[in-house]
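Taken in order, these protein sequences are the chains called A and B.
Every letter in the first sequence is one number past the one before it in the working numbering, and letter 80, counting from 1, is 80.
In short: position in the second sequence from 1, add 1000, done, that's the working numbering.
Hints in this document: simulated from the structure, not taken from any laboratory.
Honestly, I wouldn't trust all of these hints.
To be verified - In silico DMTMM-like pairs for lysine to aspartate or glutamate, Cα to Cα no more than 20 Å straight-line:
(1) K1044/B x D62/A
(2) K44/A x D19/A
(3) K1114/B x E59/A
(4) K1056/B x E32/A
(5) K1056/B x D14/A
(6) K1040/B x D1127/B
(7) K1056/B x E59/A
(8) K1044/B x D14/A
(9) K1100/B x E1064/B
(10) K1100/B x E1070/B
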Amino acid sequence: MIRVGVKFFGPLRDVVGSDEMDLSVSPPYTGESAFEALSSLYPKIGMWKSSLRLAVNLEYVDFSSVVHEGDELCFVPPVSGG
Amino acid sequence: MVAVTSEPIDPAALLERISSAESGGTDVFVGRVRNQTGGKKVRKLEYSVYLPMAEKLMAQIENEIREKWEVHDVVMVHRIGSLSVGEVAVVTAVSAVHRKEAFEACRYAIDQIKSAVPIWKREILEDGVRWGNEGSCI
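One chain only, chain B, in its complex shape:
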């Protein structure tokens, strides 16, 4: 299950959703808005998305995971809109028979989201505004 949502994300509900009697291991990654970046105090983050492409890529990532590892269920949910410090921005979770598959697949899911899925954060800092990854541009 993949989703992009403007509603708050409940990691516990997602964990419950993918847990089953046959899953011996479930790995969950929760990404929250940090209070500082590069020494600058963060007020909030504003996430925007190229929605149809993001949904398509996240579904492809889920398919790749199911091909590479023997997993029971996969969840990837990303929040968009304006988020305050401490709010959950992203959750990836994988259930499997054993921990190895769950750990590896969950890490793959968040790494792929961060490197490929068209979502951008605008950082509203105490002393200015900038796009996330700005240092890597130009």
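So here's chain A without its partners, still in its complex pose:
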């Protein structure tokens, strides 16, 4: 198990009810496994999957990317600036 930080914004923040949390992630320690860990805690997040992008340490990456102990993750809901 590794621990990562997760930030929440927009509609995901509403679902979780918090700005951030520490999350335990199981092997293979990817964005995918982090998302599975999160959606087991908050099942409603599962239905957002197809519309979310993953950012690790402030950069967009694929869900298949490896995450490391202490990384800052954000599952980014569709942005709507402008």
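Model the placement of chain B on the given structure of chain A, informed by the hints.
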């Protein structure tokens, strides 16, 4: 220069800031809070941001613009917090020798902000509340 601010944005001051004697063309995009969306009357919009990532991405967009086009100066400023109808939410502006570069780069700046920069608007409508882009989710 890129910035995310909770203070009102003054487009004229930003235009002045990037204008120079060698810039023959300056293009400015000003995005304001519209009074309706999808036929629903808008009361206000509440913008939130993932600040360190937004600042990093906006700086990257400025760098990309400087690589792609020959420009003199670039400004991207986005407001966050609670905005009323008519208030300025975003300004992008580019100065260059000629108009072509200024137009193209300015459009690229606002298009990139809208598609990639982690900023979200919550729409406070006359008959409810929803997140911008909600139709494209789920």
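Here is what the structure says about each hint:
1. K1044/B x D62/A: violated (34 Å)
2. K44/A x D19/A: With Cα atoms ~17 Å apart, K44/A and D19/A stay inside 20 Å; holds.
3. K1114/B x E59/A: Between K1114/B and E59/A the Cα gap is close to 16 Å, so the pair holds against 20 Å.
4. K1056/B x E32/A: violated (24 Å)
5. K1056/B x D14/A: With a Cα-Cα distance of about 25 Å, the restraint between K1056/B and D14/A is violated, given a limit of 20 Å.
6. K1040/B x D1127/B: It holds: about 8 Å lies between the C-alpha atoms, which stays within 20 Å.
7. K1056/B x E59/A: It holds: about 9 Å lies between the C-alpha atoms, which stays within 20 Å.
8. K1044/B x D14/A: holds (19 Å)
9. K1100/B x E1064/B: holds (17 Å)
10. K1100/B x E1070/B: This hinted pair holds, its Cα atoms lying about 10 Å apart.
The structure is inconsistent with the numbered hints 1, 4, 5, although it conforms to all the rest.
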